[in-house]
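Chemist: First to last, the protein sequences are chains A and B.
Note that the first sequence ends on residue 437 in our numbering; no numbers are left out.
Note that the second sequence ends on residue 437 in our numbering; no numbers are left out.
These aren't lab readings, by the way, just hints derived from the structure by calculation.
Hints may contain errors.
Same chains, same label: a pair holds when it works inside one copy or across any pair of copies.
Computed list of lysine to any residue pairs in SDA-like fashion (alpha-carbon distance at most 25 Å, straight line) [as the list claims (entries may be wrong)]:
| hint | residue 1 | residue 2 |
| --- | --- | --- |
| 1 | LYS393 | GLN214 |
| 2 | LYS357 | SER178 |
| 3 | LYS434 | ALA374 |
| 4 | LYS229 | GLY399 |
| 5 | LYS229 | GLN90 |
| 6 | LYS434 | ASP118 |
| 7 | LYS393 | PHE134 |
| 8 | LYS422 | VAL180 |
| 9 | LYS269 | ARG346 |
| 10 | LYS217 | GLN28 |
| 11 | LYS393 | SER233 |
| 12 | LYS422 | THR60 |
| 13 | LYS422 | ASP65 |
| 14 | LYS434 | SER234 |
| 15 | LYS434 | THR252 |
| 16 | LYS229 | ALA295 |
| 17 | LYS217 | GLY426 |
| 18 | LYS229 | HIS356 |
| 19 | LYS229 | GLN413 |
| 20 | LYS422 | THR56 |
| 21 | LYS357 | GLN413 |
| 22 | LYS217 | ASP48 |
| 23 | LYS269 | PHE89 |
| 24 | LYS434 | GLY109 |
| 25 | LYS229 | GLY359 |
| 26 | LYS217 | ARG346 |
Number of protein chains: 2
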Amino acid sequence: MSNLFNIADVFAPASDEPIIQSLLDTDMYKFTMGQFINTYDDWADTETTFSLTVRSDDVRLAEVIPPAQLREQLDAARDLRFQPSELAYLRGLPLDGGRLFGDAYIDFLSDFRLPEYDLEVTDDGRFDLSFSGPWKEVTYWETIALPIISELYYYSLFVGLYGRMLERTLSTVEELRLYDLTFADFGTRRRHSFQHQRQVLDILAEQLPKQYIGTSNVYLAKQQGSSNPIGTNAHELPMIAANLTEHDDPEEVRRSQYEVVKRWHEIYPELSVLLPDTFGTSQFLENAPAWMAEDCQGVRLDSKDPDVATEEVISWWQDHGVDPQDRTLIPSDGLTPTRVNNLYRQHGHKVGTYTFGIGTNLTNNCAGVWPRTHDPGYEPFSVVIKVTEAAGKKTVKLSDNPEKAQGGERAEWFKDIFGTSGRTKQKLTV
Amino acid sequence: MSNLFNIADVFAPASDEPIIQSLLDTDMYKFTMGQFINTYDDWADTETTFSLTVRSDDVRLAEVIPPAQLREQLDAARDLRFQPSELAYLRGLPLDGGRLFGDAYIDFLSDFRLPEYDLEVTDDGRFDLSFSGPWKEVTYWETIALPIISELYYYSLFVGLYGRMLERTLSTVEELRLYDLTFADFGTRRRHSFQHQRQVLDILAEQLPKQYIGTSNVYLAKQQGSSNPIGTNAHELPMIAANLTEHDDPEEVRRSQYEVVKRWHEIYPELSVLLPDTFGTSQFLENAPAWMAEDCQGVRLDSKDPDVATEEVISWWQDHGVDPQDRTLIPSDGLTPTRVNNLYRQHGHKVGTYTFGIGTNLTNNCAGVWPRTHDPGYEPFSVVIKVTEAAGKKTVKLSDNPEKAQGGERAEWFKDIFGTSGRTKQKLTV
């Protein structure tokens, strides 16, 4: 794992400590000049102002650095004093056989603290930062404030987004708290990182113990301990099953989607959650054997607009004399907390359990938290690993959303078999 | 320091360890489906291929993730086996009073390892990644490989640049090693971070102990111990001195730049390094008292093109009968290693000591290491804190480079006093 590099080695002092930890963390010429300035009273007490100038016009510091953070760091620098060991070091620096700094200057430094600063944020996102006072005091700010600004800037640009991702997780918690809905984490596959997923799930378990019903991640469920891992089946089952029919008989291909369910139900009668959208939800429900409506506990909605799919499945149950209040619906496709709330408000009362699988927006909530950059490469992107071949033939997925379809030419033939009723193009976010 | 957040909490396992540390770090349905697939021999052994698809066309993974890193992580996942405690956990998961997973499946998992993968990089910067083999084995790759890809991608985007900054530091070392030149670090003010500066200086001290003569940073010089901090004076001295003349008499203003040097030389005869460019180098040298050429040890070149300034100062010394071989010249303005080498090759032999102050390109060498983004906000930017007012008047700097000038209207009056001979606009990098 040779090329990776630990960022903790680049940004520290622990990143929540003061950036400037010593008044010696500055350029030497401030001291040679400092002693020089102190030598002449008429110079030492001159009223001066030092000001920040960003010469790069397109860099607007206040759009990147939170002003409160800059204040905290400047205030922390004002709390610093020269330590005895630091004064001893300066006192000991040689100059041509003698000492570089005389006692008068060392005495001055031993009482020194940085003077006050003036900080304002302009309307166009810049800092108006200046330091006014006697030259002999104000001069030291330059090479203290500049590295503070630099480090805060790059920290915010390169690292601060993790703080913002965390803040967003806390907002998600507040938003999901509004309704009495339940949800599971399905975000393993596109998580930002293992640690971020773990942190998000820890927050959910602590903040929403009744609403967060668990994660699909087995390792994290085992670690978290409060609920067993969640999951049933995925599209690869009907996709591969369709390729295992003999002689590619159209009727057999069509029947294969139900054969999978039949076999599944034999093995896991208690886990009978249908995933009807592989070749289109409408054709699946229309032609499904009655026992599937009667015996299967729930349906996962993974590519059709869930407002539409919810009504469609409810009608299907009702057509088979099944009370939706005894059944479960699980929307799980690209959900955001807001979308989850809206769906629950709209449909929650219509079925026994209306619960959600939330993925990327929980575990990779980095979209838009990056300052300045709107490059799509900095958003969560749509990536999948899917079965593409089985038994020597291309596999096909039609999906309710043609954007998720796959299978090339063979898909055209599948469209003839399954039809395209109820399929609607929707933009893929993840 | 409330808003900051430690990135080490987001990217770990320590970032040089395998991302996937357990075969349980995957979605639950892979196991429910896995047992299902194993139940039917005709399905279990079906030859399948699973393939990576990035649906976001503008995301080219191989431009961001180093292929060797992806291989290392995939190989590390192949080294994993189910641990006894993990098998016990799976064996213990309940289903409606009984067990979810039967002994046959647990036995299968106890011998399981991920099968081989095929990885190629396409000419347009994408990964061609696929997994082929019996369905019962290949199916597990999907939810292992996807989080590996996600984490490597975001790690590289958000953190990997620090590895590249370090690699660049090592290149800088190799480049500076080519000639027998010496240099000091002047990069405190625009450093990327304290830790990065410290790391760079540690590398320089170890790799170039004879060429790296020290840093201007007092704290780091004290820590490093091998040389005393380096520095003399800066533009604020003549800028403020010019405002301390009585009645703003033009002749007095002009003389003030020499008065500063005179006072400085009285206090620090051993540190007599001239900084002649505050109001223009040409006028400074032309009108300087002869003793300054004779008694001052060196000149720092901080805004004029150093090719030009070097010749100008050498001529000035020669005009005063001073042998340049007894003197020091210190270019210090926006230098890169390449520029330093070129200057040294061109001029190194002409003066006794031709040494360099290198700043931002040592301590904030992040330009261009960022994948995808060419936003100027991700480059080092030009920022200064300068004295802007003294003794109730605006301060003025004319500089040899008008891009560095300041002082507004009062600068116009200073131009009348000092003239503008030898000033040439040059693009500011930092």
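Chemist: Each hint should be assessed against the structure and marked as holding or not.
Modeler: Against the structure, the hints:
1. LYS393 with GLN214: Neither: 35 Å inside a copy, 49 Å across copies.
2. LYS357 with SER178: For LYS357 and SER178, neither the intra-copy (28 Å) nor the inter-copy (65 Å) Cα distance is at most 25 Å.
3. LYS434 with ALA374: Answer is within: at 16 Å inside a copy they meet the 25 Å cutoff, but 35 Å across does not.
4. LYS229 with GLY399: So LYS229 and GLY399 fail the 25 Å test inside a copy (38 Å) and across (70 Å) alike.
5. LYS229 with GLN90: So LYS229 and GLN90 pass the 25 Å test across copies only (13 Å; inside, 51 Å).
6. LYS434 with ASP118: neither (65 Å within a copy, 42 Å between copies)
7. LYS393 with PHE134: Only across copies: LYS393 and PHE134 sit 15 Å apart there, 50 Å inside one copy, limit 25 Å.
8. LYS422 with VAL180: neither (42 Å within a copy, 62 Å between copies)
9. LYS269 with ARG346: neither (33 Å within a copy, 74 Å between copies)
10. LYS217 with GLN28: So LYS217 and GLN28 fail the 25 Å test inside a copy (45 Å) and across (29 Å) alike.
11. LYS393 with SER233: neither (31 Å within a copy, 59 Å between copies)
12. LYS422 with THR60: Between copies only: 22 Å across, 64 Å inside.
13. LYS422 with ASP65: So LYS422 and ASP65 fail the 25 Å test inside a copy (53 Å) and across (29 Å) alike.
14. LYS434 with SER234: Neither. Shortest intra-copy (34 Å) and inter-copy (62 Å) distances fail the 25 Å Cα cut-off.
15. LYS434 with THR252: neither (33 Å within a copy, 70 Å between copies)
16. LYS229 with ALA295: Neither way: LYS229 and ALA295 sit 36 Å apart in one copy and 79 Å across, limit 25 Å.
17. LYS217 with GLY426: neither (42 Å within a copy, 78 Å between copies)
18. LYS229 with HIS356: Classified as neither; 32 Å inside a copy, 70 Å across copies.
19. LYS229 with GLN413: Intra 35 Å, inter 64 Å, cutoff 25 Å: neither.
20. LYS422 with THR56: between (75 Å within a copy, 22 Å between copies)
21. LYS357 with GLN413: Classified as neither; 33 Å inside a copy, 71 Å across copies.
22. LYS217 with ASP48: neither (71 Å within a copy, 41 Å between copies)
23. LYS269 with PHE89: Answer is neither: 78 Å inside a copy and 30 Å across each miss the 25 Å cutoff.
24. LYS434 with GLY109: Neither way: LYS434 and GLY109 sit 72 Å apart in one copy and 41 Å across, limit 25 Å.
25. LYS229 with GLY359: The answer is neither: 28 Å in one copy and 71 Å across copies each exceed 25 Å.
26. LYS217 with ARG346: within (20 Å within a copy, 64 Å between copies)
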